[in-house]
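Peer 1: Each chain is listed here by its residues.
Number of protein chains: 2
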Amino acid sequence: MTTTNASLDERLDAARAAGRVLAAMSPGEKVDVLEAVAQALLAGSEAIIAMNADDLADARQSNAPAAMVDRLMLDRARIEGMAEAIRAVAALPDPVGTISGGWRVPNGLEIVETRVPLGVIGVIYEGRPNVTTDAAALALKSGNAIVLRGSRIAARSNEVLGEVVSDAIAAAGVPPAAVTMLGTDREEMLRLIQAEGKVDLVIPRGGEDLKAYLQQNARVPVIYAASGNCHVYVDADADLDEALAIAVNAKVQRPGVCNACETLLVHREVAGEFLPRVAGALLAEGVELRVSDEVRSHLDGFADDVAEATDEDFATEFLDLILSVGIVGSVKEAVDHVNRFGSGHSEAIITRSLDAARTFQQGVDSAVVYVNASTRFTDGGEFGMGAEIGISTQKLHARGPIGLADLTTVKYLVTGTGQTR
Amino acid sequence: MTTTNASLDERLDAARAAGRVLAAMSPGEKVDVLEAVAQALLAGSEAIIAMNADDLADARQSNAPAAMVDRLMLDRARIEGMAEAIRAVAALPDPVGTISGGWRVPNGLEIVETRVPLGVIGVIYEGRPNVTTDAAALALKSGNAIVLRGSRIAARSNEVLGEVVSDAIAAAGVPPAAVTMLGTDREEMLRLIQAEGKVDLVIPRGGEDLKAYLQQNARVPVIYAASGNCHVYVDADADLDEALAIAVNAKVQRPGVCNACETLLVHREVAGEFLPRVAGALLAEGVELRVSDEVRSHLDGFADDVAEATDEDFATEFLDLILSVGIVGSVKEAVDHVNRFGSGHSEAIITRSLDAARTFQQGVDSAVVYVNASTRFTDGGEFGMGAEIGISTQKLHARGPIGLADLTTVKYLVTGTGQTR
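Order-wise, the sequence lines are chains A and B.
Per our numbering, the first sequence starts with residue 1, numbered consecutively.
Per our numbering, the second sequence starts with residue 1001, numbered consecutively.
Don't take each hint at face value.
[Unchecked claim] Covered stretches of chain B, going by a simulated chain A footprint (3 or more residues, C-beta under 8 Å):
| hint | region |
| --- | --- |
| 1 | 1194 to 1203 |
| 2 | 1213 to 1227 |
| 3 | 1354 to 1363 |
| 4 | 1366 to 1377 |
| 5 | 1395 to 1402 |
| 6 | 1405 to 1414 |
Don't read these hints as lab results, they were simulated from the structure.
Here the structure is a predicted model, which means the values were calculated and not measured.
Beta carbons are placed, not taken as given, at the ideal position from N, Cα and C, and that holds for glycine.
Generate coordinates for the entire structure from the input sequences, incorporating the hints supplied.
Peer 2: Below, the structure is given as structure tokens:
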């Protein structure tokens, strides 16, 4: 589907107008809208599954990888899961209207800082159709219009999902343009990310290629979901049983996600005792170890099972059962290593020393810094923030799990009695 | 002065390392550093004035406008003012280390959200040398390294100011690279705004040309200081004496700034009574009026003194003694006009009606929305936030006056007792 420039502009203007209607709705009205969407999704599940079957057939015919086909697949159970996810978002506290600050100044003006929706949010994503309803729910809850641009592989699934959602919100009194589904035309995506003034935020949910494309081309504000080269540092004062459990958990519990550990650093004083234990446990879990020469000197029993770690290994987010292992002489050295090689996502120190914990937490320049816990907890759900849009490793606006409140901005409401300067 | 790519990278790395030293300093240590800078500025004033005289001579020889020469000029009194401004920043509350949130999750993890410096901030500015020390003071106070890129017209003034500041902080224990002065080479500026990962934020303080250049070329995060097409709307329920005072104040008290009023909207019900009064007052202050046909119909006595307003006039930030004037039939129409033509900066409604005030404040999509006060109060100082870096009309990270806290980000510090997933 190709859309002309004018018609994208018109659709973005319609989305903004629809967003203004949403912005004025009460929290209760928005809960009702989301419930209507959840019910429409369940009522429409047969039609959705039929369209999804066409996408699946094409994906299989073009020999798409099995994991990709699985992510694309919708059945009754998955649609029920999507409806439940919408209800979970509906149940979150409404961030709009929160008073984030307020004060009076000497001349009597009363200043109130309140949270308001951003306006129009664009989401660009790959072949998981559940992102369509997840993102729409988060946008509706936070009073924003959303413009969705999904992957070609899920084009028909997304089209029908978009229709179901738009129809449901229209029946509930929200202009359907509040959830706008674009086609999969690449030229249109380029215009979307360059529509200054018409789009308040774009969130890409895709791989490094999409990210690089936006970094080169976007002129609207973008929040990038993170890559995570996360570290676990085992200090000289660590409880080594705890360190073992955390190092293994952070690496193997779900290696393909951004908060999994990619590098283990061990203090020289405990290297001789700890490294053989942790290497044995990790190798037993099928982890490939890439180690420095000094680490290798402590792993006589595993000489054939470990590879040499290069600087590139220490800089790599493997997203796989691979771990770089190094030795440091101090907390300071660990901090320097993390700041040099890390991506600013999540790091952990295992220690009983207050001083070491403090030095590490203060020195490491990352979104989340743990003491005596696995890096795997960096997650909106685990943080108790509810659904998240991703994890941010950038420093402006949102850092760490991106929650509902990050889809809002502030507005200052100032009340006077005729004040002039 | 031309710098090679490698040397800019090295300077940015040195700035980051210096920033880490600053980030670890206590509030009291930073106050001492700022006091040392203020004293060094006073002690170095003769040398600064001598270098500034060379810049001034060149500026005059090249027939620079008198206002530009005046902004460039430094004398003893202005340097004392710069030192006082540094001390005022030193006296502000330190934003670093503020706990912005904290909670425990069911598994016992303790999550603390704390404010930390951004890291390295770039500021690109025009020919006012006081920006050099103002910006450096704000960066030092918020624990950030700063990379300054001033205008060619002030090159020698900025060079000596940069040296004075760097020497002073070095003597106070901060690596001098925490305040890094670049040359005026344009190629180097381009590399600065494309130095992804090495610069956490760039703030341009210049005109629309600089802004457009950054919008096209920047790959690092940027916060743009605002343009302001601000509105005053006089409602049917307004106290017309109050409305008159505010409309005149918002237009004439300082017309060249971003929070001055550019458009006056009047409700049809009070147009006949209010417009002749306000037109008389504004014309007496030397304001040029550009009015709609309906407005003109109420201004029989001033027919020769008013021009016709076009849509372009309503969209223009005049920054001058010029005002567009229109009539609307309702608060809703006023809101729509503001959202169509405004720049999202500051707007005011004058009314005694709670419903009108609420409709206007809720509906207008601007950083600051006033009830019964002049738009001229949108200012860090007037808001009681102390020194500001500018006013933001963007919605991400900072909206409204950009204060010290906006030069920080959050870091989550999570403490556990061995938790794994």
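Peer 1: Against each hint, give a clear statement of whether it holds in the structure.
Peer 2: These are the hints, each one checked on the structure:
Figure legend: the region 1194 to 1203 of chain B, annotated as covered by chain A; annotation consistent (3 residues with Cβ-Cβ distances under 8 Å, at least 3 required). Only residues whose beta carbon comes within less than 8 Å of a beta carbon in chain A count, and the region 1213 to 1227 of chain B has 5; three or more means the coverage holds. Here the region 1354 to 1363 of chain B counts 4 residues with a CB under 8 Å from a CB of chain A, which clears the bar of 3, and the coverage holds. Coverage of the region 1366 to 1377 of chain B by chain A holds. Counting CB-CB distances below 8 Å, 11 residues qualify, and the rule asks for three or more.
Check result for the region 1395 to 1402 of chain B against chain A: holds, 5 residues qualifying (beta carbon to beta carbon below 8 Å, three or more required). Coverage of a stretch by a chain is defined here by at least three residues with a beta carbon nearer than 8 Å to that chain's beta carbons; for the region 1405 to 1414 of chain B and chain A the count is 6, and the condition holds.
In the structure shown, no violation is registered for any of the earlier numbered hints.
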